[in-house]
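Make the full structure from the sequences, and use the hints.
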Amino acid sequence: NAGVTQTPKFQVLKTGQSMTLQCAQDMNHNSMYWYRQDPGMGLRLIYYSASEGTTDKGEVPNGYNVSRLNKREFSLRLESAAPSQTSVYFCASRLGESSYNEQFFGPGTRLTVL
Amino acid sequence: SQQGEEDPQALSIQEGENATMNCSYKTSINNLQWYRQNSGRGLVHLILIRSNEREKHSGRLRVTLDTSKKSSSLLITASRAADTASYFCALYNQGGKLIFGQGTELSVKP
Numbered sequence: 001n002a003g004v005t006q007t008p009k010f011q012v013l014k015t016g017q018s019m020t021l022q023c024a025q026d027m028n029h030n031s032m033y034w035y036r037q038d039p040g041m042g043l044r045l046i047y048y049s050a051s052e053g054t055t056d057k058g059e060v061p062n063g064y065n066v067s068r069l070n071k072r073e074f075s076l077r078l079e080s081a082a083p084s085q086t087s088v089y090f091c092a093s094r095l096g097e098s099s100y101n102e103q104f105f106g107p108g109t110r111l112t113v114l
Numbered sequence: 001s002q003q004g005e006e007d008p009q010a011l012s013i014q015e016g017e018n019a020t021m022n023c024s025y026k027t028s029i030n031n032l033q034w035y036r037q038n039s040g041r042g043l044v045h046l047i048l049i050r051s052n053e054r055e056k057h058s059g060r061l062r063v064t065l066d067t068s069k070k071s072s073s074l075l076i077t078a079s080r081a082a083d084t085a086s087y088f089c090a091l092y093n094q095g096g097k098l099i100f101g102q103g104t105e106l107s108v109k110p
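So the protein lines, in turn, are chains A and B. Counting from 1, position 44 in the first sequence corresponds to residue 44 in this note's numbering; the numbering is continuous, with no gaps. Counting from 1, position 23 in the second sequence corresponds to residue 23 in this note's numbering; the numbering is continuous, with no gaps.
Fair warning: there could be bad hints in the mix.
To be verified - A few chain A residues facing chain B, derived, Cβ under 10 Å:
1. Gln6
2. Met41
3. Gly58
4. Glu59
Calculated directly from the structure, the hints in this document are not laboratory data. All C-beta atoms in this analysis are idealised placements derived from N, C-alpha and C, irrespective of residue type, glycine included.
Here you go:
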């Protein structure tokens, strides 16, 4: 099993460009998450999908959109990138919304917006 | 704040020594989790301790939880250079989402 995979690993954008970060999991998990990690800020939840067909905002959703394409895939889109979105983005999944389920993380996408 | 606050922010020790990291929080919890992040990698789940547990062990890891003080500690015994990483505590907010603290950066020198 590959676990949680993310593409691309690195990306450089110019301000105003758009891009989609891809995430897939092969563990048959129901819940999927997008976080961003900035120095000194820990991980902050951007959006999540508790189950296929549903998505909800997290702590810092502005400037992002998501799509839960199917049970395996959960993408994050930046419509008009801004320098403030320079960050490392992590996708995660867990079996379900039970608070006793651990989360599994992808390797991250390092995004720089110039 | 609903997230955990780790202390210290950074810790540097010699191989073979023990490393202790602390996490304080403000809300009531069902459980508290600890994760490790190696440089340039995603987070990896280490251990979950339930609110009715006081101590839990996993290999060289020992986690304690004191709900009266709203604090938890992670002890790594006989540390190795490979333990060099950032360690995060995480707990669930009222919306049921896992929220992470800012982490403790551990450096184990050979």
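To see whether the hints hold, each was checked on the structure:
1. Interface hint status for glutamine 6 (chain A): upheld, as the beta-carbon distance to the closest one in chain B is roughly 8 Å, under 10 Å.
2. Given the 10 Å rule on beta carbons, the hint for methionine 41 (chain A) holds: about 7 Å separates it from the nearest Cβ of chain B.
3. The criterion of a C-beta within 10 Å of any C-beta in chain B is met by glycine 58 (chain A), whose closest approach is roughly 7 Å, and the hint holds.
4. Interface hint status for glutamate 59 (chain A): upheld, as the beta-carbon distance to the closest one in chain B is roughly 8 Å, under 10 Å.
Hint compliance for this structure: every hint is met.
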